[in-house]
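Chains as they are written, first to last, in our numbering: chain A, 1 to 379; chain B, 1001 to 1292; chain C, 2001 to 2324.
FYI, nobody ran anything at the bench for these hints, they're computed from the structure.
Every value quoted in this text rests on a predicted model; they were computed, and no experiment measured them.
Any given hint could turn out to be false.
Below, computed lysine to any residue pairings styled on SDA-like, alpha-carbon distance capped at 20 Å [to be verified]:
no.: 1; chain 1: A; residue 1: K212; chain 2: B; residue 2: F1254
no.: 2; chain 1: A; residue 1: K215; chain 2: B; residue 2: V1136
no.: 3; chain 1: A; residue 1: K210; chain 2: B; residue 2: I1259
no.: 4; chain 1: A; residue 1: K350; chain 2: A; residue 2: K369
no.: 5; chain 1: A; residue 1: K186; chain 2: A; residue 2: P148
no.: 6; chain 1: A; residue 1: K113; chain 2: C; residue 2: K2022
no.: 7; chain 1: A; residue 1: K155; chain 2: A; residue 2: G188
no.: 8; chain 1: A; residue 1: K212; chain 2: B; residue 2: A1004
no.: 9; chain 1: A; residue 1: K200; chain 2: B; residue 2: E1003
no.: 10; chain 1: A; residue 1: K215; chain 2: B; residue 2: A1004
no.: 11; chain 1: A; residue 1: K161; chain 2: A; residue 2: G132
no.: 12; chain 1: A; residue 1: K181; chain 2: C; residue 2: W2128
no.: 13; chain 1: A; residue 1: K181; chain 2: C; residue 2: K2022
no.: 14; chain 1: A; residue 1: K200; chain 2: C; residue 2: N2125
no.: 15; chain 1: A; residue 1: K210; chain 2: B; residue 2: V1136
no.: 16; chain 1: A; residue 1: K210; chain 2: A; residue 2: D194
no.: 17; chain 1: A; residue 1: K324; chain 2: A; residue 2: G116
no.: 18; chain 1: A; residue 1: K289; chain 2: A; residue 2: K369
no.: 19; chain 1: A; residue 1: K210; chain 2: B; residue 2: E1003
no.: 20; chain 1: A; residue 1: K159; chain 2: A; residue 2: E182
no.: 21; chain 1: A; residue 1: K200; chain 2: B; residue 2: I1211
no.: 22; chain 1: A; residue 1: K87; chain 2: C; residue 2: T2019
no.: 23; chain 1: A; residue 1: K200; chain 2: B; residue 2: A1121
no.: 24; chain 1: A; residue 1: K186; chain 2: A; residue 2: K212
Stretches of chain C that chain A covers, calculated by requiring three or more beta carbons in the stretch to come under 8 Å of a beta carbon on chain A [stated by the list, open to error]:
no.: 25; region: 2019–2028
no.: 26; region: 2128–2137
no.: 27; region: 2227–2235
Where a beta carbon is used, it is the ideal one built from N, C-alpha and C, also for glycine.
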Amino acid sequence: MRKTVIAALAAAAIALPGVAGAADTVKIANLIELSGNGAAIGRNWTDAVNMAVEEINAAGGILGKQIEITDYDTQSNPGTSRAQLQKALDNEPYVVLGPIFSSSTRVNMALTKRAGVPQIVGSEAASITQQGHPTIFRTSFGQAMGMPKLVKYLKEEVKAKTVALIYTNDEWGKGGRNTAKELMAKAGIEVVADVSSEVKQVDFSAEVLKVKNAKADAIFAYCLEEESARFLNELRKQGYDGPLIGETTLISQKVIDLSGANANGAKGHVGLTASAPVPALVEFGRKFKERTGRNTDHNGIKGYIAVYVVKEATERMGSFDQAKFAETLRGATITTKDEPGVLLDIRFDKTGDVDRESFLVEVVNGEQKVVSVLPALGE
Amino acid sequence: MAEALQLLISGIATGTIYALPAIGFVLLWQTTGTINFAQGEFVMLPSIIMLAFIIFGDMPLWVSFLLTLAISAMLLGSVFKVVVVQPMIRHGVLPLIIATIALSILMRETAKEFFWNEAQAFPMPVPYIVIRMGEVTVTTHHLFSFGVACALVILLQWFLSRTRTGRSMQAVAQNPDTAAILGINVQRMISLAFLINAGLVTVAAVLVTPIYLAKWDNGIAIGLTAFIAAIIGGFNQVRGAILGGVLVGVLENFSAFYISTEYRAAFPLILLIAVILFRPYGLLGRPEERTV
Amino acid sequence: MLRWIIIAVVAAILIFVPTQLKPYGIFLISNWVIFCVVAMGLNLTIGYAGQISLAQAGFMGIGAYTSAILMTRFGMDFWHTLPAAAGLSFLLGVIVGYPALRVQHHYLAFVTLGFNILVYLVFRNEDWLTGGAFGIFDIPRPSVFGYATNDPLAFYYLCLAFFVVMFSLAWWIVRSPWGRAFAALRENPIRAASLGVDIRAYTLLAFATGSTFAGLAGAFYASLLEFIDPYPFSFEYSLSFLLMVISGGSGTLVGPMIGAALVLLMPEWLRFAKDYYLMIYAVFVMVLMAFCPSGVVGIWERLTMFMRHKRMTAAAAAAEEQSK
């Protein structure tokens, strides 16, 4: 099945480095979760990145140079990611893409800072752009950008005065919960329950009970996908049908596949989705599916956009200047007219964070439906 | 009050699921001295194989279950015994433990590389209906799992104490040399223990996986709770495993709700350590004796 | 004689090869050297005192977090944190070991397993102390007599020096009357008891020494990564350390180093098999356990015995020929 294709590609990939360092190529390192917990999302990112690289190379590359991309597996482990980044940096890449896991990024970003190499990550933890790293960027919302929109939606549309929170107790989940709590406090929303859950947790009856008992106006769920599925199953089993809102991980295709009808009615704030009423995104979703046989998730879109951002930034500079890269991008806007590959108009702020319109999605009959479009914060 | 009841019921349901792999674990340890660190993977692999039959072979669950049962009996029963345990048992317990740890790695990687990397949904063995009794909900799956687990334990208990073969197995557990002298075919009893374990883990797979979802790294959590349940419940009583499992499930739920969800995993562990230190033969076990 | 040549060669490799490596390679070898110390500690516990500990990663974490917290929170100097790291690991080793040693081997494994998981939970949940799941950042590198070790090579030599010190310590322990008491214990506990060896005190000491090795190594590990989070100290890593010790050859001084190399360095060299490396490694360990449970060192010993045997039989045959 697919394994043979991947094996063939892998064999080709192993053979290719023999041609390393040719003068008419530009080296990009793809530091990503290819095994471990993050393997699925890392794979989506990588497939999309490869798709973008192929498209760009077929059209002549960046400023005439072909992109040579090398994968480095972080194994979804921060320590390993740091080691692999070191390995990648030893090879002197122009830009580093990834990783996605915030825990890994926070560890290894010090290395790219020291080396002055631009890094475009798929991580969402707010702190990543708050460390003063001069060359780090995202192509998706950090928690600091996404959460305000979500909280705003909770306050203004759902009109929730009290919220019950449940999150996965790992670096990502706790980070999101911390940011959410802070923002809700500022918005005058009272957090009446604050429930942690474990990665790979199976029995959510205690957590659901706690959340239900709080009798909040809405439940805000920030769990990983498998856990979200189990949480939804238990939540519906215990008969809850009030407002339920989360982020991508609550209403992703994977969660819908795993929890079936129990996902219906859940709402989520999504930065990037192939189901948005945006032709470029839909087209991307189609191309991805054709290439890999799978539906993309937001991580695929993040990776794809990242490559095109590199292309556009380099073209604006007219050279492969690592030092000027950040300067060129920070505060810049890239519209789809400048570069259709970015799929949505994107604006970078001074810290490398992204501001862009995003979507409020509801699961209706087992499918994601965009309920409203939330404008960029800067508008 | 209703909450406590709900926690209790859910805990018992989850607990019986924890208990099934524990039963096989105890059986193997007592009869053959094998501490199978791959027991969790022994539950994971049949679930992956069953799912493969269902998805790629387009078969109904019960057919794929029977096929997988046969495969388990062969792989996890006979092959495991002959290829892994037998060559090593003469070297002592530690090499065998290491070998089963390595085996668990092998099984995980095989499932990951050759089957699926991501979690997959697994069908329910019985139609899923939520039954509401006032403030408390229970599902048909809970009831079914509980029923099957109890039935298995009763069956196994009856087999071990009322049939000749079963008592021969107990004799082997107590003292293999004496058993041999008494004319019991020790090797056959040992093989039987492995086969029974293979059957138990396959049944466990059908019951556990709809909730756990089929994923290659399930075995770690399943195995860990199996060990805890087995030791807490009592190492020389098969029914101890059920008690152990239920205790773990209920304790986790209650501590998550009333004390701290962050430390929900800690309380069964504390109980484990307490049991090992003060009552190493487990809550239902009997001291000194080695029986099943 | 052969032994000294080998030692010299190995020492030369360890000192000179890293100068030719890129930072990633130096990092890998520093990591290996630190893991060797952890494995050596576990080896003392298992190989010499015959006690199965599944908490080695947890103890490593205790040392790592102690050092990291003292350095980042209280501004302490790395060298001053070492006694604290060692002390705490030793103390906890004694506390965990004391009741646990009343029970049989297999049960000890589960008690230590439980302890490791509990310790991990504390690391992960207590944000105010350990940074929780976020971990602790910007852990400084120590300076040695005024020289900073921020350079990867410099820090590597520091780790190497640490390793040599711990190795010598382990060597001394094994050769000392203490160590011989351990060996007696392992071979035959009942006889050891009858000879007046206080089993409990010795096994407790072995256990706590093993945990201290891990704790100290943990402090170096924190500085190597310049960051720690709870995950490297979970019980799965304890299983990994166990595998290292046994596959390398427990009860030998060199075994743990080989075992650590198998787990850490081999995957790099077998890059072509990257995805399948773990499977190959698992099969290798299983085959090893079936045919040579004394590990890789055991294979080496068998080989040398075999060679010696061949030489002897050849010499005997030659002598016979001559006398005819």
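Verification of the hints:
{"no.": "1", "hint": "A:K212 with B:F1254", "verdict": "holds, 16 Å"}
{"no.": "2", "hint": "A:K215 with B:V1136", "verdict": "holds, 17 Å"}
{"no.": "3", "hint": "A:K210 with B:I1259", "verdict": "holds, 12 Å"}
{"no.": "4", "hint": "A:K350 with A:K369", "verdict": "violated, 33 Å"}
{"no.": "5", "hint": "A:K186 with A:P148", "verdict": "holds, 10 Å"}
{"no.": "6", "hint": "A:K113 with C:K2022", "verdict": "holds, 18 Å"}
{"no.": "7", "hint": "A:K155 with A:G188", "verdict": "holds, 9 Å"}
{"no.": "8", "hint": "A:K212 with B:A1004", "verdict": "holds, 14 Å"}
{"no.": "9", "hint": "A:K200 with B:E1003", "verdict": "violated, 23 Å"}
{"no.": "10", "hint": "A:K215 with B:A1004", "verdict": "holds, 18 Å"}
{"no.": "11", "hint": "A:K161 with A:G132", "verdict": "violated, 35 Å"}
{"no.": "12", "hint": "A:K181 with C:W2128", "verdict": "holds, 17 Å"}
{"no.": "13", "hint": "A:K181 with C:K2022", "verdict": "violated, 44 Å"}
{"no.": "14", "hint": "A:K200 with C:N2125", "verdict": "holds, 16 Å"}
{"no.": "15", "hint": "A:K210 with B:V1136", "verdict": "holds, 14 Å"}
{"no.": "16", "hint": "A:K210 with A:D194", "verdict": "holds, 9 Å"}
{"no.": "17", "hint": "A:K324 with A:G116", "verdict": "holds, 10 Å"}
{"no.": "18", "hint": "A:K289 with A:K369", "verdict": "holds, 19 Å"}
{"no.": "19", "hint": "A:K210 with B:E1003", "verdict": "holds, 9 Å"}
{"no.": "20", "hint": "A:K159 with A:E182", "verdict": "holds, 18 Å"}
{"no.": "21", "hint": "A:K200 with B:I1211", "verdict": "holds, 11 Å"}
{"no.": "22", "hint": "A:K87 with C:T2019", "verdict": "holds, 16 Å"}
{"no.": "23", "hint": "A:K200 with B:A1121", "verdict": "holds, 14 Å"}
{"no.": "24", "hint": "A:K186 with A:K212", "verdict": "violated, 24 Å"}
{"no.": "25", "hint": "2019–2028", "verdict": "holds (count 5)"}
{"no.": "26", "hint": "2128–2137", "verdict": "holds (count 5)"}
{"no.": "27", "hint": "2227–2235", "verdict": "holds (count 4)"}
Violation of the numbered hints given earlier is confined to hints 4, 9, 11, 13, 24; the remaining hints are satisfied by the structure.
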